[in-house]
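Student: Once you have looked at the hints, place chain P on chain U.
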Amino acid sequence: SAVISQKPSRDICQRGTSLTIQCQVDSQVTMMFWYRQQPGQSLTLIATANQGSEATYESGFVIDKFPISRPNLTFSTLTVSNMSPEDSSIYLCSVGGSSSYEQYFGPGTRLTVT
Amino acid sequence: GENVEQHPSTLSVQEGDSAVIKCTYSDSASNYFPWYKQELGKRPQLIIDIRSNVGEKKDQRIAVTLNKTAKHFSLHITETQPEDSAVYFCAASIWNTDKLIFGTGTRLQVFP
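Protein sequence lines, in the order shown, are assigned to chains U and P. Residue numbers for the first sequence follow this note's numbering, beginning at 39 and rising by one. Residue numbers for the second sequence follow this note's numbering, beginning at -10 and rising by one.
If we strip away everything but chain U, and leave its shape as in the complex, we get (with noise of 0.2 Å):
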């Protein structure tokens, strides 16, 4: 499977600010998620990364508070803009595997906002 990183891994923001966080493949792939995972919590999908267009956002998710980029087949940004201690999480990137089915995670960036 694809080797995924992102950066940073961990950060401590104040309320107000904004971050961007980065996923980087070592190989091309077609899809490319970002999910949040609230402490304890599952895994919610926020959106899905196009290359060359825009997001697709899930229901509870919006382009102002969580603006995505997608500039190529191996990379892909979240910015969390405006945060609030409740954007305090965990944020994941996960890219399709060759199957075009299965999906691997990144190592995560654990956010908290002060």
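If you are wondering where the hints come from, they were derived from the structure by calculation, not from laboratory data. Predicted model, so just to flag it, every value in this text is computed and none were measured. Hints are not guaranteed to be accurate.
Unchecked claim - Taking lysine to any residue and the SDA-like style, the derived pairs with C-alpha atoms no more than 25 Å apart in a straight line are: (1) K88/P to T94/U; (2) K31/P to S127/U; (3) K88/P to Q52/U; (4) K11/P to Q(-5)/P; (5) K57/P to Q44/U; (6) K45/U to K11/P; (7) K26/P to S43/U; (8) K88/P to F113/U; (9) K26/P to Q44/U; (10) K11/P to S43/U; (11) K31/P to D49/U; (12) K31/P to S65/U; (13) K31/P to T117/U; (14) K60/P to T82/U; (15) K88/P to Y139/U; (16) K88/P to T117/U; (17) K31/P to R148/U; (18) K26/P to I128/U; (19) K31/P to P77/U.
Said to hold, decoys possible - So the derived list for chain U, only partly shown, Cβ under 10 Å to chain P, looks like this: (20) A40; (21) I42; (22) C51; (23) G54; (24) T68; (25) T82; (26) S97; (27) F99; (28) P123; (29) G134; (30) Y142; (31) R148; (32) L149.
Stated by the list, open to error - Residues on chain P that point at chain U, a partial pick, calculated with CB under 10 Å: (33) Q(-5); (34) N20; (35) P23; (36) Y25; (37) Q27; (38) K31; (39) S82; (40) G94.
Quick reminder that beta carbons are idealized off the backbone N, C-alpha and C, glycines included.
Tutor: Same frame as chain U, but now just chain P:
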């Protein structure tokens, strides 16, 4: 949209015993059902998956069964070991979307 329920939320077993985790899904268009294992502080790891054209799949001590009629699928772990202790998540994906909808997770503890 798709909804995935998972039971139990916690499961404690003695080493060597079997563990079973069950999930139900709501959308009959779902056709792919992976299971992930997440150890504390680590990323979710794909451990086994099944597609809707198959009823059962086995990989060493792990097996997954699927009942499409009842919209149930289950993870079976035999001869459990302490290193199986983790949170396990089931998920469902609707054909042609690639989006995964996750269950709420099961914390499995295996006592030596």
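Student: Which earlier hints can't be squared with this structure?
Tutor: 3, 5, 6, 10, 20, 22, 23, 27, 28 and 32
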